[in-house]
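Quick note, the sequences are listed as chains L and S, same order.
Residue 124 in my numbering sits at position 124 of the first sequence; the count goes up by one each step and never skips.
Residue 53 in my numbering sits at position 53 of the second sequence; the count goes up by one each step and never skips.
Hints may contain errors.
[What the hints assert, rightly or not] Taking lysine-lysine and the DSSO-like style, the derived pairs with C-alpha atoms no more than 27 Å apart in a straight line are:
#1 S/107 <-> L/209
#2 L/185 <-> L/159
#3 L/159 <-> S/107
Note that these hints are calculated values from the structure, not bench results.
Predicted model, so just to flag it, every value in this text is computed and none were measured.
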Amino acid sequence: MKTLIIIPAYNEAKNLVPLLDRIRIACPDYDVVVINDCSTDNTLAICKKYRAHVIDLPVNLGIGGAVQAGYKYARYKHYDAAVQVDGDGQHNPEYIKLLVSELENGANICIGSRFISKEGFQSSLIRRLAIRYFSGLIQLFTGLYITDPTSGFRACDTKAISLFASDYPRDYPEPESIVSAARNKLSACEIPVVMNERKEGKSSITFVKSLYYMIKVSLAIVIASFSSRRHTEVDE
Amino acid sequence: MNKELQIIMIISSLLFLCYIILMLRNKKIELKFTLSWLLTGICFLLFAIFPDLLRLLSNLLHIVEPVNTLFLFIIFLMVLIIFTLTIALSRNARRVKTLTQEIGIIKLELDKLSAKTTSGQNKQAEN
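Work out the full structure: start from the sequences and follow the hints.
Below, the structure written as structure tokens:
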């Protein structure tokens with residue numbers, strides 16, 4: 001499978017080189033593209049120095065817009081699979097091949113979940129409760145049970161690439177995108193992964209934003225579950 | 001409606017209409033987004049010149065004070081215009097997002113292309 005690894009990065013200068021090194025060891029045969037979401041640090045310079053392919057966005061779009069740029073690139077270049085890996089080092093590249101192998105078994109989307117084996121970084125109690133709540137809400141609206149709907153560690157096949165390239169939520173996209181995938185009759189599965197705590201920098205979701213996050217994502221899940229279906233064209 | 005309010009309304013709506021027309025003349029705003037404002041200005045002017053119109057409308061709606069009808073009318077128009085702006089803003093945000101993504105991808109392709117040509121030139125130079 002011709003596979004693209006999409007790394008959205010906003011001010012991840014310190015985390016990127018170790019991540020790229022580990023990806024090069026874990027999956028040397030996959031292409032990597034870093035999406036520089038208009039970082040204010042030297043993320044771009046570091047990528048160029050590393051000779052990594054960079055989609056350098058001239059305007060900050062937020063995580064959703066950045067990831068979507070990666071899916072658009074994957075669609076342009078006719079990749080068979082695309083794997084999203086956060087630029088902050090939370091996701092371990094050793095699992096990428098496992099995620100992709102699930103696609104070969106017929107899944108359209110495979111999500112890396114930290115709550116199946118319950119190993120590694122498990123996030124705070126409040127966040128776990130919020131995640132459990134989203135998980136329930138998604139099950140209610142789609143019938144799909146996903147243990148870690150906020151995980152941004154996921155592999156997509158051509159159908160999912162095509163869907164996300166044409167339609168991907170803008171901010172806090174992960175739970176909503178699962179619903180939109182289910183709505184478009186794509187199958188999603190999960191495999192257990194071990195995640196790390198963020199090494200450098202802050203998470204994009206601060207305490208102040210969390211209430212807005214809960215309301216916005218809940219609403220987004222409800223709306224996505226009855227929004228109009230896309231006609232995804234899988235071009236040869 | 002009292003005389004003072006009537007005069008203020010006539011003057012302000014005339015000024016407002018003149019300003020819109022001036023902006024349109026200088027191509028500072030699009031006619032498409034201005035039509036609703038022009039309509040608002042003209043309605044104001046009509047109400048100010050013919051207060052009976054407002055009184056008639058108030059009687060129809062069982063509103064005692066004609067000025068309240070005016071307020072209701074203004075609020076209604078404002079909600080309409082602001083909502084139209086939200087729609088326009090969402091559309092523009094989506095367009096900017098798409099353009100930004102495409103530019104990012106084109107920049108990458110350009111980088112790859114120029115890297116290829118420079119390495120090609122280097123090889124030629126070696127030969």
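Legend entry - Structure-inconsistent hints, enumerated in ascending order: Those not satisfied come down to hint 1.
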